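Student: Make a model of the complete structure from these sequences and hints.
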Amino acid sequence: MSDTRILRVAGLHAFIGQFYVLHGVDVEVQNHEIMVLLGRNGAGKTTTLRCVMGLVRAHEGIVELAGENIKGLPPHEIANKKLTLVPEDQGIFSVLTVAENLQVAMRPSRAKKEDRRRLDFAMSLFPDLKQAWNRKAGTLSGGQKQMLALARALINENKLMMLDEPSKGLAPVVVKGLVPVMKELRTYASVLLVEQNLSFASKVGDAFSIISDGKTVQSGKMNDLIEAPETQRLYLGVHMGGGESAQIWTSSSS
Amino acid sequence: MRRRAYLPGPAPAALILLAGILMALPLFTSSRSTFTMVNMITTSAVFALSYNLLVGYTGILSLGHALFFGSSAYIVGIMMRHVGTSLWILFMAVLISMVFAVLAGLFVGYLTLRLKTIYYAMVTLAVAELLVILAEKSRSLTGGLDGLNYRVPEFFQNAVVVYYLVLIYAIVALFLVRRFLDSPTGKVLVSIRENEQRASSLGFDVFRYKLISSVAAGLLASLTGVVFAIDNRFVMTSALAVDRTLEALFITIIGGVGTLPGPFIGAAVYHLAADWLSSLAKVHAIFERWPILFGGLYIVITLTMPGGIVSAYYRLRLRRPRG
Amino acid sequence: MDVVIILTINGLATGLLLFMMAAGLSVIFGLMGIMNFAHGAFFMLGSYASTWTYLKTGNFALAMLAGTAVGTFIGFLTERSILRPVYGKPLAQILITLGAFIVLNEMVKAVWGPNVIPSPVPPLLEGEFRVGGVLVSRYRIFIIFFGVSTAATVQWLLNRTRLGMIVRAGVENAEMIQILGVNIRRVFAAVFLLGTALASLGGTMIGPTLGQIGPFVSTQYLLLGFIVVVIGGLGSLIGSLVAGVLVGLMNNYVVWLYPPAAMPLNIILMSLILLVKPTGLFGKEGAH
Chain A
0 MSDTRILRVA GLHAFIGQFY VLHGVDVEVQ NHEIMVLLGR NGAGKTTTLR
50 CVMGLVRAHE GIVELAGENI KGLPPHEIAN KKLTLVPEDQ GIFSVLTVAE
100 NLQVAMRPSR AKKEDRRRLD FAMSLFPDLK QAWNRKAGTL SGGQKQMLAL
150 ARALINENKL MMLDEPSKGL APVVVKGLVP VMKELRTYAS VLLVEQNLSF
200 ASKVGDAFSI ISDGKTVQSG KMNDLIEAPE TQRLYLGVHM GGGESAQIWT
250 SSSS
Chain B
0 MRRRAYLPGP APAALILLAG ILMALPLFTS SRSTFTMVNM ITTSAVFALS
50 YNLLVGYTGI LSLGHALFFG SSAYIVGIMM RHVGTSLWIL FMAVLISMVF
100 AVLAGLFVGY LTLRLKTIYY AMVTLAVAEL LVILAEKSRS LTGGLDGLNY
150 RVPEFFQNAV VVYYLVLIYA IVALFLVRRF LDSPTGKVLV SIRENEQRAS
200 SLGFDVFRYK LISSVAAGLL ASLTGVVFAI DNRFVMTSAL AVDRTLEALF
250 ITIIGGVGTL PGPFIGAAVY HLAADWLSSL AKVHAIFERW PILFGGLYIV
300 ITLTMPGGIV SAYYRLRLRR PRG
Chain C
0 MDVVIILTIN GLATGLLLFM MAAGLSVIFG LMGIMNFAHG AFFMLGSYAS
50 TWTYLKTGNF ALAMLAGTAV GTFIGFLTER SILRPVYGKP LAQILITLGA
100 FIVLNEMVKA VWGPNVIPSP VPPLLEGEFR VGGVLVSRYR IFIIFFGVST
150 AATVQWLLNR TRLGMIVRAG VENAEMIQIL GVNIRRVFAA VFLLGTALAS
200 LGGTMIGPTL GQIGPFVSTQ YLLLGFIVVV IGGLGSLIGS LVAGVLVGLM
250 NNYVVWLYPP AAMPLNIILM SLILLVKPTG LFGKEGAH
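Residue numbers (numbering that gives the first Met the number 0), protein chains in the order written: chain A, 0 to 253; chain B, 0 to 322; chain C, 0 to 287.
Read the hints as simulated data drawn from the structure, not as lab findings. Because the structure is a prediction, the values reported are computed rather than measured. Wrong hints could be hidden among the right ones.
Derived CB-CB ranges, DEER-like [claimed, not checked]: (1) 17/B / 277/C: 41 to 47 Å; (2) 203/B / 172/A: 39 to 45 Å; (3) 1/C / 98/B: 46 to 52 Å; (4) 197/B / 271/C: 46 to 52 Å; (5) 140/A / 1/C: 41 to 47 Å; (6) 135/A / 277/C: 22 to 28 Å.
Below 20 Å or equal to it, Euclidean Cα-Cα: the simulated DMTMM-like pairs (lysine to aspartate or glutamate) are [to be verified]: (7) 80/A / 174/C; (8) 88/C / 195/B; (9) 88/C / 193/B; (10) 70/A / 125/C.
A virtual CB, placed ideally from N, CA and C, is assigned to each residue, including glycine.
Tutor: Pasting the structure below:
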């Protein structure tokens with residue numbers, strides 16, 4: 000069983016300053032699976048990702064990447080173990096060009112040919128970016144920035160990609176176009192996705208895990224969640240069947 | 000990690016004992032130099048206390064705090080020298096200093112609105128430098144680089160009287176600051192230091208409180224400058240200089256940022272050590288550059304005991320886990 | 000008119016030295032969030048080491064090399080020993096660099112004494128050139144050439160090397176660059192070293208323009224450095240260049256007209272710029 004787990008997080012506790020944000024998060028991501036982290040605003044989803052990435056200190060718990068412990072390591076070391084994160088604000092360097100954004104992300108590899116190949120591959124997924132090659136990334140549109148962020152994450156070989164709300168701020172038609180891209184990502188790496196957009200999440204996710212108030216409350220196969228509107232309502236404040244883009248509400252409705 | 004507005008000081012009994020000893024000092028000695036030393040420590044401590052209010056409690060790093068201290072010292076000196084030495088004139092000087100302090104405090108406080116931490120530090124540094132240059136150039140008024148000496152009212156020509164003035168001033172100041180910090184306003188200041196965004200999101204007008212803090216700290220520094228001027232009977236540009244602010248910063252760090260006894264302990268350590276080291280320098284030339292030791296000590300303390308002597312004392316005494 | 004040309008040349012020279020002082024300060028702050036109060040000390044170390052070497056050997060090139068080497072080395076030690084433990088803690092950083100400033104100042108006084116020492120212009124660079132009918136100082140022209148080449152080199156480093164790319168990215172978002180696998184501490188160390196080297200290099204050339212050097216160099220140029228950095232914008236190399244030249248020129252003109260107004264005017268200019276554009280001429284909005 001543990002052979003197929005690319006990420007194992009168990010009993011994760013974490014503080015941010017004096018705030019006790021995570022008190023018991025459990026997440027597992029299987030190989031070549033898209034796992035979606037769901038939950039209300041402020042539940043601790045982003046913090047969980049940041050904790051795995053080493054940006055937030057894990058106070059207690061287990062964090063293993065492909066069976067290897069990564070808890071307590073500095074972010075760049077974790078990155079070099081083939082884990083990457085695309086933060087909520089995408090982390091695009093607006094002062095650098097599109098090309099430079101990709102170059103700076105490339106982990107040095109043995110052969111230049113290898114680099115070139117990966118670059119071309121990333122570009123093939125997002126042809127739009129080719130046109131903006133030498134433009135400063137700050138001039139890109141929201142959708143293009145998201146493309147660039149994803150391309151950057153793909154440029155290296157990664158075991159796991161963590162994406163924080165990739166659909167945020169994008170026009171619905173762009174989000175629709177994102178669905179097949181996400182599904183394709185699965186062939187290259189496993190994905191841990193944080194999402195507020197429940198219908199988007201349900202379309203791309205294989206499995207789900209719900210975090211409520213810093214604790215994991217339920218997980219399982221995505222299909223199970225789709226069939227259980229009471230669960231959706233209970234933990235997410237909304238249920239699907241309420242329109243194409245059912246968003247998880249931030250108000251606490253019990 | 001919960002924090003109170005200030006770490007509790009040594010038991011009141013110990014404090015009263017200390018105050019008693021200091022009060023009774025003139026009965027045991029009439030050594031001018033002892034009085035001078037104690038006065039220097041005390042005024043330094045209260046100035047550092049006022050600085051602590053700004054840095055330690057509100058989290059505003061100003062490098063120009065000496066402007067309050069020095070300007071009121073100069074105001075007193077100038078009035079005594081050029082206008083007259085009666086008690087009334089002294090009183091006028093105090094009033095003028097206070098008015099100036101409030102105005103300057105408002106100005107400096109306003110700057111916190113426009114400038115972020117680093118910029119604020121540098122502008123306050125620059126403003127203080129500006130005043131130093133002003134003092135240097137106005138020779139006729141301030142004595143320029145040579146400094147200004149003057150006589151004080153008859154009442155204060157007695158060393159013992161001045162000693163008690165300084166001591167009582169310090170006690171009153173400490174008492175008032177404590178009351179201030181315990182007040183709702185004071186508590187808000189601490190919360191601003193801890194987490195400005197949170198305080199702001201809780202509905203507090205952060206700027207208003209920073210303004211209050213700047214004015215309060217400025218007033219206290221200003222009054223301390225007056226007391227200093229009465230004691231010293233001589234004022235120089237060093238009263239306005241960055242060095243003086245840095246001295247307060249050091250004392251605060253050594254003693255303990257954000258604590259009440261901190262500035263006093265720090266001042267005592269600083270001045271006694273400085274005195275001892277410079278006397279050593281007369282014997283062994285190797286000690287001539289003793290400020291190096293201070294710089295070094297200061298670095299060591301910042302690295303190992305971020306809370307200064309006071310917090311180290313608490314960690315030892317209560318054997319608390321690091322926090 | 001002649002006077003104006005001479006003042007302009009001198010102002011440019013001073014301005015470029017200020018740039019060298021400020022550039023390191025600016026980038027160190029932009030990337031690491033550290034306001035390096037000790038920077039003035041490195042500038043001073045460069046001037047002292049170079050002057051001393053020149054007085055001993057008569058070889059100015061060697062002196063410049065020595066000055067830069069000493070300053071950079073001490074910078075390396077400083078970063079390694081006391082700066083590393085306080086990365087990410089802004090207040091502690093300020094305090095530590097202040098402490099380092101004091102210690103370094105005292106060390107210089109301990110080694111070379113608290114008095115000024117003469118700093119002569121090397122014979123090769125002495126004298127004047129005739130430029131369009133005006134006599135301008137050879138040494139100043141040398142500084143201008145050297146300064147401009149240095150600025151160009153730094154620009155190249157920033158825009159055409161991987162390190163430069165990482166620095167530019169890091170100034171904007173240091174966290175993201177770590178996520179992308181960059182060991183930010185190594186980058187910090189490199190930047191600190193380069194900044195310090197630049198400052199010491201600038202310091203090696205200041206002596207002969209002043210005629211003498213003393214402990215006042217560190218404080219005076221630190222303050223000027225701050226002013227330049229603030230006016231130019233923290234984290235911006237171009238800002239340091241423009242602001243440096245601006246301040247250098249203004250200083251020279253004002254000193255000619257009414258010396259006491261020089262420093263106050265700098266401060267007033269800085270305050271004006273801050274009130275109008277709090278992040279400086281080329282600074283990034285919302286940075287730090």
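Student: So, for every hint listed, does it hold in this structure?
Tutor: Status of each hint after checking the structure:
Hint check: residue 17/B to residue 277/C, Cβ distance near 46 Å, so the stated range 41 to 47 Å holds. Distance hint check for residue 203/B and residue 172/A: the Cβ-Cβ separation is about 43 Å, which falls inside the suggested range of 39 to 45 Å. Distance hint check: the CB atoms of residue 1/C and residue 98/B are about 51 Å apart, consistent with the given range 46 to 52 Å. Take residue 197/B and residue 271/C: their Cβ atoms lie about 34 Å apart, and the range 46 to 52 Å is violated.
Distance hint check: the CB atoms of residue 140/A and residue 1/C are about 56 Å apart, inconsistent with the given range 41 to 47 Å. A hinted range of 22 to 28 Å for the beta carbons of residue 135/A and residue 277/C is consistent with their spacing of about 24 Å. Under the criterion of a C-alpha separation no larger than 20 Å, the hint pairing residue 80/A with residue 174/C is consistent with the structure, at around 17 Å. Distance check on the hinted pair: residue 88/C and residue 195/B sit about 16 Å apart at the alpha-carbon level, within 20 Å; holds.
Restraint check: the Cα-Cα separation between residue 88/C and residue 193/B comes to about 14 Å, which is no more than 20 Å; the hinted pair holds. Between residue 70/A and residue 125/C, the direct Cα distance comes to roughly 63 Å. Violation of the 20 Å bound is thereby established for this hinted pair.
In summary, the numbered hints that this structure violates are 4, 5, 10.
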